[in-house]
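Protein chains in written order, with the numbering used here: chain B, 1 to 323; chain L, 1 to 319.
Keep in mind that a hint or two might mislead.
Examples of chain B residues toward chain L, derived with CB under 7 Å [what the hints assert, rightly or not]:
no., residue
1, Leu80
2, Leu83
3, Pro85
4, Pro86
5, Thr88
6, Pro89
7, Val159
8, Phe262
9, Leu304
Hints were generated in silico from the structure; no laboratory data involved.
A virtual CB, placed ideally from N, CA and C, is assigned to each residue, including glycine.
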Amino acid sequence: MSEANQALDASVPPSAAVRLEQLRSGLTSAKPRSLAGDTWRRFRRHPLAIIGSIILIFLITASAIGPRIYTKSHEELDFLNILVPPGTPGHLFGTDDLGRDLLARCLFGGGISLSVGVAAMFVSILLGTLIGSVAGFFGGRIDQFLMRLTDLFLALPVVPLLLLTVYLFRDPVTKAFGQINGIFLIVVVMVGGLAWMQTARIVRASFLSLKEKEFVEAATALGVGRWAIMFRHILPNALSPIIVAATLGVGTAIITESTLSFLGVGFPPDTPTWGRLVTDGSQFLQSAPHLALIPGALIFLSVLSINFLGDGLRDALDPRSRL
Amino acid sequence: MTQYILRRVLIAIPTLLVISFVVFAILALAPGDPLAQFALNPAIPESTRERIREQFGLNQPWPVRYVKWLQQLAQGNFGFSFSSKSNVSDLIWQRLPQTLQVVGLAYLIAVLLAIPIGIISAVKQYSLFDQVATFFSFIGFSVPSFFTGLLLMLVFAINLKWFPIVYSSTLEVKDWSSFWQQVRQMVLPVTVLVVQQTAALTRFMRSSMLDNIPLDYVRTARAKGLADRVVVLRHILMNSLIPVVTLIALGIPTIFAGAIITENIFRVNGLGQLLITSIQSSDTPVVMALAFIFAVLTVTFNLIADILYGVLDPRVRYT
């Protein structure tokens with residue numbers, strides 16, 4: 001074997017200049033491979049994940065800068081053009097029962113719906129990572145207590161509790177933080193605060209196995225503090241499942257928010273989130289189905305794209321897993 | 001085994017107590033007067049309202065009320081509904097059959113669909129069937145159930161007129177024609193839940209089968225010369241079902257939550273609709289009772305899932 005290798009090496013002798021350059025820069029292979037590069041290479045092989053990302057980027061850009069380009073107001077009433085079907089010149093998505101332009105409303109609502117999803121995901125991932133890493137790293141009593149707490153949260157009836165808290169605490173919170181900000185805050189905190197359990201379990205499991213590894217021992221021997229070991233050394237190694245959970249969490253949060261809006265508990269009627277638009281449109285299902293179908297399809301499309309993206313990321317970050 | 005079950009039950013009881021306490025505290029500390037609707041009525045003077053308050057025990061501090069609520073509950077009494085002026089348990093018994101019908105039927109269909117689809121998907125991995133099934137299950141858990149409901153309503157009730165738009169709660173099943181009517185009005189609400197549940201269960205079934213297929217015992221079974229059908233159905237399937245059975249038990253509470261949405265779209269007079277209307281009318285005793293029932297469902301089925309897992313996979317009991 002070694003002879004064969006030598007023969008191979010001998011057949012292609014590296015020129016002295018190249019060898020010197022390699023030694024100087026400390027590299028022996030032409031191009032280093034990074035984790036991000038590897039992930040991207042695997043991710044590219046997922047056509048649905050690529051399509052999902054493109055759709056998602058389009059939806060995000062449209063809601064972020066759309067209202068600035070498409071300047072029609074989402075609140076302007078136009079009683080001459082009531083319940084106009086989509087495709088009408090000037091009203092691409094048609095209008096609602098008060099003549100308000102549906103495209104403008106969808107763009108405005110998309111901004112809210114998507115940011116609620118992302119913000120709620122951050123709340124749940126932050127909580128889940130913190131609780132999971134503390135439980136996994138410290139173990140013992142702390143672990144026992146935190147896992148009991150996680151089990152307790154898993155046993156909570158989530159949808160009834162969400163409906164209840166948002167409905168009951170809507171008024172004082174909106175009084176304190178303003179109409180839209182208040183509802184945004186309470187929806188994000190509640191949706192995120194009831195969705196961290198899965199992340200906590202995943203992070204705890206990763207921490208349990210990672211904290212026994214040699215690099216942690218080495219860090220401890222070097223005198224690195226406990227919190228630095230947790231968040232600087234162990235956490236980056238547990239990041240892959242967290243990223244996947246975060247991606248899929250955005251989709252779940254968008255569905256939860258739109259469900260709350262649909263049930264009439266959530267953003268106030270004059271704030272056109274996607275879920276709210278579906279509720280309002282559902283009253284005209286017979287005469288003007290586009291009012292409910294277009295915003296509903298937008299929710300569906302964004303969540304589907306997020307799920308494909310998450311699935312692609314899962315395969316790319318951890319080639320062994322499959323679900 | 002008895003010890004394992006006992007330990008699980010002992011954990012479940014305090015969990016339920018804590019959940020009921022939390023929900024009770026939220027309801028008690030929330031702003032808003034449960035007697036607000038009486039306050040709007042000019043025919044009821046302040047003194048009468050005070051008397052009603054006293055009668056319901058609302059002038060006591062809330063921890064005291066919680067203990068009283070627990071005492072009542074121990075006797076099977078959920079209290080008295082403010083808005084419908086009847087016993088909460090009567091209200092719930094009236095609504096329960098509709099919810100159970102829709103939810104039970106939907107879950108049964110979902111399980112019966114998901115298991116074979118999952119098996120075929122895993123055995124013929126990356127085949128056309130698998131790819132179509134995967135695509136549809138992604139659609140299934142990406143579409144919000146209220147949107148599925150509206151779509152089905154638009155296509156099958158409004159345009160094709162195959163099914164009624166609104167569930168008639170006064171319909172009584174007496175003969176074949178009314179039975180047929182009942183079946184027809186249940187199709188759409190049930191389908192919404194089936195779509196949602198089948199998607200998730202199919203994925204679980206598939207991945208559980210895929211976990212087992214490369215294992216050594218499967219190779220042994222094949223090496224013994226067993227027929228392919230026997231290897232898949234007797235050996236792989238039985239082992240793959242262990243985690244799936246527990247997931248089926250765990251999914252039951254979520255399907256009840258899904259029923260809240262379906263019932264609201266199709267106006268099914270079940271528990272979910274009762275919950276929404278009581279939250280909107282601040283009918284605290286009903287909300288408390290329903291939240292508690294949802295919590296009991298979740299905890300009970302978690303318990304059942306744990307026990308089933310212990311029965312099916314003896315290794316679990318000792319960890």
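Status of each hint after checking the structure:
no., hint, in the structure
1, Leu80, "27 Å, violated"
2, Leu83, "16 Å, violated"
3, Pro85, "15 Å, violated"
4, Pro86, "15 Å, violated"
5, Thr88, "21 Å, violated"
6, Pro89, "26 Å, violated"
7, Val159, "4 Å, holds"
8, Phe262, "5 Å, holds"
9, Leu304, "4 Å, holds"
The structure shown violates the earlier hints numbered 1, 2, 3, 4, 5 and 6.
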